[in-house]
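**Student:** Taken in sequence, the protein lines are chains A and B.
Yeah, the first sequence ends on 147 if you go by the numbering used here, and it's all consecutive.
Yeah, the second sequence ends on 903 if you go by the numbering used here, and it's all consecutive.
Think of the hints as simulated: they come from the structure by calculation, not from any bench.
Any given hint might turn out to be false.
[Stated by the list, open to error] With beta-carbon atoms standing in for the labels, derived distance ranges:
1) 88(A) x 759(B): 23 to 31 Å
2) -2(A) x 786(B): 49 to 57 Å
3) 760(B) x 111(A): 18 to 26 Å
Glycine residues also receive a C-beta, built at the ideal position from the N, C-alpha and C atoms.
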Amino acid sequence: MARMAEMVASRTDGDVLVGLGLGSCIGLALVDGGHRAAALAHIVLPAASRHGAAAAAKFADTAVPALVQDMERLGVRRHSLSAVIVGGAQMFSMGGGMDIGSRNEAAVRDALRSARIPVIAAQTGGSVGRTIRVRVGDRYVSYKEAGGPEVNLLAAMEEVAA
Amino acid sequence: MDLTELQLDALREMANIGSGNAATALAAMLGRPVDLSVPSAKALPLADAVEAVGHVDELITAVGIPVVGDLGATVLLTFQPDHAATLCGFLGAAGDPEMELSALQEIGNILGSAYINAMGSMCGLELEPAPPLAASDMLGAIVSSVLAPVAAYSDMALLLDSAMLVEGSECRFGFLFVPDEEGVATVLGRLGLWGHAA
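Model the full structure from these sequences, guided by the hints.
**Tutor:** Here it is in structure tokens:
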């Protein structure tokens, strides 16, 4: 479970990494090509402030390097990483200039571009909350909205590959 | 955000006065007595703060009232959806989702104004409510989005939390005041409880 501003990583088959109830926050999952390992961060804001010793997972710009480091520690090479992004909504629509969700998504995509990690699937924006689930050892990264079905974002790609 | 017991007590007392004023305003609006729980004041790590409000994946209806002026804060009312419908029924606005939403926003506006007026006059602060916003979704998605601006400068969030119950009904809801870090300092400063005075 990656709660607000937390991150988790695993290379144990069958482990499920979960980010529950993402609103303007982003659930950023990194997976490797063989799906042996996965890491998930629950990102709250675009960029670290001067405030210092905060949790790395809290900000997009510090979360991406921290996730990469976790994956390398699990024996995954950086060039085999790809990313899935879920969240970044504006929960209270018509919130004006306070749309943290879309700023979060832009910052996460920027940070991934700098780290040369491709985004292979995303379910973002709008004004709905979402939950992300990543199953280790499987081509499975899903999103779920309140009252909706759980949808594997990587299922369609599997069919294409097969 | 490291707060002493004395500071938390002062904030709790302020929440008591604010939510007391809000409960009185709601009772006048509904023409029914409204009970108020004793407020709590908690400074918690962000993730714990979300869980202190309720189950993260529970479906709720919420009304958020941004507070502007001398401090940044949000007032958040949280309802189980059927309790929100009951409350709307008291105002003759049950059934139609759009009417319900606008009734809840109006309730949010009145309760939020009453709360921050009491707080503003107690602390000598100019505070105004911005237009209320309503949403129905997972509790975690809503509460974490309210806490996000607080997270910019702090790993902790202060929650001033109470519950209201409309007497003789099943309608109960949560009433939450979330100041940003600077807001906490501002309020405590006005109460003479910030910095050296603490």
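**Student:** Which hints from the list above does the structure break, by number from lowest to highest?
**Tutor:** Number 2 only.
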